[in-house]
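Undergrad: One letter stands for each residue in the lines below.
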Amino acid sequence: MTDSTLPILEGAACPVPMRHDDQIVMGHGSGGRMTQELIERVFAPAFANPILAQSNDFAAFLLPLEAQLHGSLAISTDSHIVSPLFFAGGDIGRLAVCGTVNDVSMSGAQPLYLTAGFIIEEGLPVEMLERIVTSMQAAALEAGVPIVAGDTKVVERGKADGVFINTAGIGWIPAGRQIGGALARPGDAVLISGAIGDHGIAVLSARGELGFDAAVTSDVAPLNALIGAVLQAAPGVRVLRDPTRGGLATTLNEIAQQSNVCIEITEATIPIHTPVQAACDMLGFDPLYVANEGKVIVILPPDQVDAALAAMHRLPYGAEAAAIGVVKPSPARRVLMKTFIGGTRVLDVLAGEMLPRIC
Amino acid sequence: MEYAQAFRDGDLVQRVVGEIRRIVTRDWVIMEICGGQTHAILHSGLDQLLPPQIELVHGPGCPVCVTSLELIDKGLAIAARPDVIFCSFGDMLRVPGSNQDLFSIKAAGGQVRVVYSPLDAVKIARQNPDKQVVFFAIGFETTAPANAASLLQAKALGLKNFSLLVSHVCVPPAMHAILGAPDNRVQGFLAAGHVCAVMGYWEYPPIAEQYGVPIVVTGFEPLDLAQGILMTVRQLEAGTHTVENAYPRIVTREGNQAAQAMLKRVFRPVDRNWRGVGTIPLSGWGLQPEFAEFDAENRFDVGHIQTRESPLCIAGEILRGLKKPDNCPAFSTLCTPANPLGAPMVSSEGACSAYFRYHRPQDTL
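Chains as they are written, first to last, in the working numbering: chain A, 10 to 368; chain B, 72 to 436.
No lab work stands behind these hints, which were simulated from the structure alone.
Be careful, since some hints might not be right.
[To be verified] Think about it this way: if two alpha-carbon atoms lie no more than 30 Å apart in a straight line, the pair counts; the simulated DSSO-like pairs of lysine-lysine are:
hint : chain 1 : residue 1 : chain 2 : residue 2
1    : B       : 231       : B       : 202
2    : B       : 194       : B       : 231
3    : B       : 226       : B       : 194
4    : B       : 335       : B       : 231
5    : B       : 194       : A       : 168
6    : B       : 177       : A       : 168
7    : B       : 335       : B       : 395
8    : B       : 202       : A       : 168
9    : A       : 347       : B       : 231
10   : B       : 194       : B       : 177
11   : B       : 335       : B       : 394
12   : A       : 347       : A       : 337
13   : B       : 194       : B       : 335
14   : B       : 202       : B       : 226
15   : A       : 347       : B       : 194
[Stated by the list, open to error] Under 8 Å between C-beta atoms, here's a sample of chain A residues computed to sit facing chain B:
hint : residue
16   : 64
17   : 290
18   : 351
[Stated by the list, open to error] Residues of chain B placed beyond 12 Å of chain A at every Cβ, according to the derived structure:
hint : residue
19   : 96
20   : 110
21   : 140
22   : 162
23   : 202
24   : 232
25   : 313
26   : 333
27   : 376
28   : 405
Ideal Cβ positions, reconstructed from N, Cα and C, are used throughout, including at glycine.
Put together the whole structure using the sequences plus the hints.
TA: Given below as structure tokens:
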């Protein structure tokens with residue numbers, strides 16, 4: 010049987026597979042050779058450490074001797090999605106490491122190890138992935154918390170926003186340390202470790218959504234050293250909480266609810282960088298509701314305020330730390346703010362604003 | 072951008088408020104027209120500092136609040152069409168229509184986009200020549216120039232896929248409607264500084280004269296507002312009723328004449344139905360006949376619209392200054408920002424949302 014429409018074959022040909030060194034393709038998530046190559050080329054050199062080098066599906070490690078004998082473990086996980094992937098002061102990699110280091114640290118724990126899971130969109134330039142991974146390792150080194158296990162998946166183009174990164178972290182809480190959102194007591198003081206709103210405005214600015222360039226750098230930073238110093242100087246700390254999405258106002262509301270207390274803050278004492286305030290004024294945002302990624306709210310007995318502030322002021326991430334308010338018995342479950350001009354108003358949780366997705 | 076901070080200075084505000092306390096001898100009802108001012112007053116807590124004789128009532132100056140239900144329902148019907156990209160300011164997305172809002176249209180697959188400027192909608196029209204791009208052109212004299220500019224730009228670009236769903240409203244006719252009503256309580260006005268930045272304040276002396284009310288052009292920072300209230304109270308106590316400008320760093324008598332010329336070219340006065348208030352003659356702007364092809368109401372036949380308001384919502388009385396948000400039985404119980412029964416609970420300029428956010432009734436504190 011012949012068919013004149015068949016093409017004329019010049020002979021059997023076996024195409025040499027194209028190499029995909031420059032951008033992520035679906036094969037990088039296959040679990041096969043390409044995945045292995047990607048791990049060997051991008052991840053393993055960046056995160057190199059003896060536990061990761063075991064190359065198992067799990068990381069096996071000994072806890073520090075003290076942790077084996079005393080205290081408890083803290084574990085936390087957080088998925089990071091941010092558009093754009095790079096912004097002034099950081100990128101999704103730094104965000105992914107700091108976010109989980111900070112979440113673990115908020116328990117009063119000393120973070121020990123991280124894992125990282127990557128969901129990568131087909132077409133992502135490998136060069137970009139390398140920059141992200143390098144940035145993660147820099148943040149991990151800064152925090153002193155190695156990344157000891159990981160995973161990579163690739164999804165089709167259009168099904169992810171470049172790359173999503175999930176990190177999980179484990180930490181050790183020394184025996185006797187009692188820190189949590191339900192422990193604030195009337196009479197306590199409320200501190201913030203620095204100026205608020207930088208991260209949210211930096212990300213909006215990087216997106217080009219402001220219509221102007223705000224000279225604002227994200228505050229994304231690992232806070233474990235800062236928190237360690239605070240706990241050493243002020244062992245009576247009762248609450249640590251990082252005001253990320255929803256900002257300072259929303260996080261204070263969570264604490265007021267959990268502790269069944271009133272938190273009253275004073276507007277004039279809240280540190281806010283001028284460009285952040287200016288950008289918020291132009292857009293109709295309230296910096297109290299804008300995200301932070303390198304700040305911590307500290308609630309502690311009043312007699313330890315000076316020691317805690319002095320400890321923070323000695324460190325770069327706490328240089329602008331300030332006492333911003335007090336805990337009162339009533340009206341319970343409310344956050345109030347004394348305004349610049351001497352009025353008092355309710356500070357509610359974020360409701361109804363049109364803030365675009367930040368992270 | 073440091074300049075705004077000076078107008079938030081607590082000591083200066085206290086001094087102005089002290090002067091208001093010193094001169095006030097009897098009760099006065101003052102309306103701030105603009106919802107942005109309502110929010111600024113409650114946000115800063117200025118209302119708590121004023122002497123008890125001064126009652127501030129909140130005016131109709133909330134663009135999404137006064138946009139008629141019929142037009143919102145039309146917008147929803149247009150936004151649901153598969154060939155349409157519907158662009159709107161963010162505030163509009165949760166404003167309830169008769170049965171749904173733009174968020175639910177979006178969730179059901181409608182292409183609804185939040186833009187910061189109508190010029191962004193023109194850009195979207197250029198990038199999507201196979202789609203009809205509709206911008207929901209709401210607002211007072213403040214937002215109208217940018218909307219006019221977007222239309223002129225679309226025309227200059229020869230865009231055939233761009234149109235405006237127009238619901239512009241104007242302040243002076245609303246002041247006539249409030250002051251002319253038999254149940255009016257308003258004795259003095261803070262005029263909206265940003266509206267006057269565009270329009271100037273040459274329109275106001277006849278209103279001050281006809282109704283015998285002082286009108287003071289007022290800004291949006293706590294010190295601006297305190298100053299505007301002080302100037303109004305001075306006139307009320309002295310029995311005068313002239314138009315004064317407490318916002319001279321932004322507003323001139325003539326306003327932005329280039330913007331006014333552009334508005335005149337693109338828009339013409341039309342009767343407008345204000346949600347909760349009713350139709351006010353020649354109180355809005357529609358497109359000039361020359362631009363009829365850019366009118367989304369002409370371009371899309373959405374059929375007969377049957378509107379249905381929530382029977383509980385008292386938005387109309389609130390917008391006319393007859394009632395306060397916490398007089399409403401549904402306030403903060405059945406009606407919240409997450410589940411609004413009426414537009415004033417949604418908008419960042421709505422009086423109900425300002426009360427909900429900053430000023431819940433004392434018994435819930």
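Undergrad: Of the numbered hints stated earlier in the document, which are not met by this structure?
TA: Hints 7, 9, 11, 15, 16, 20, 22 are the ones this structure does not satisfy, whereas the remaining hints hold.
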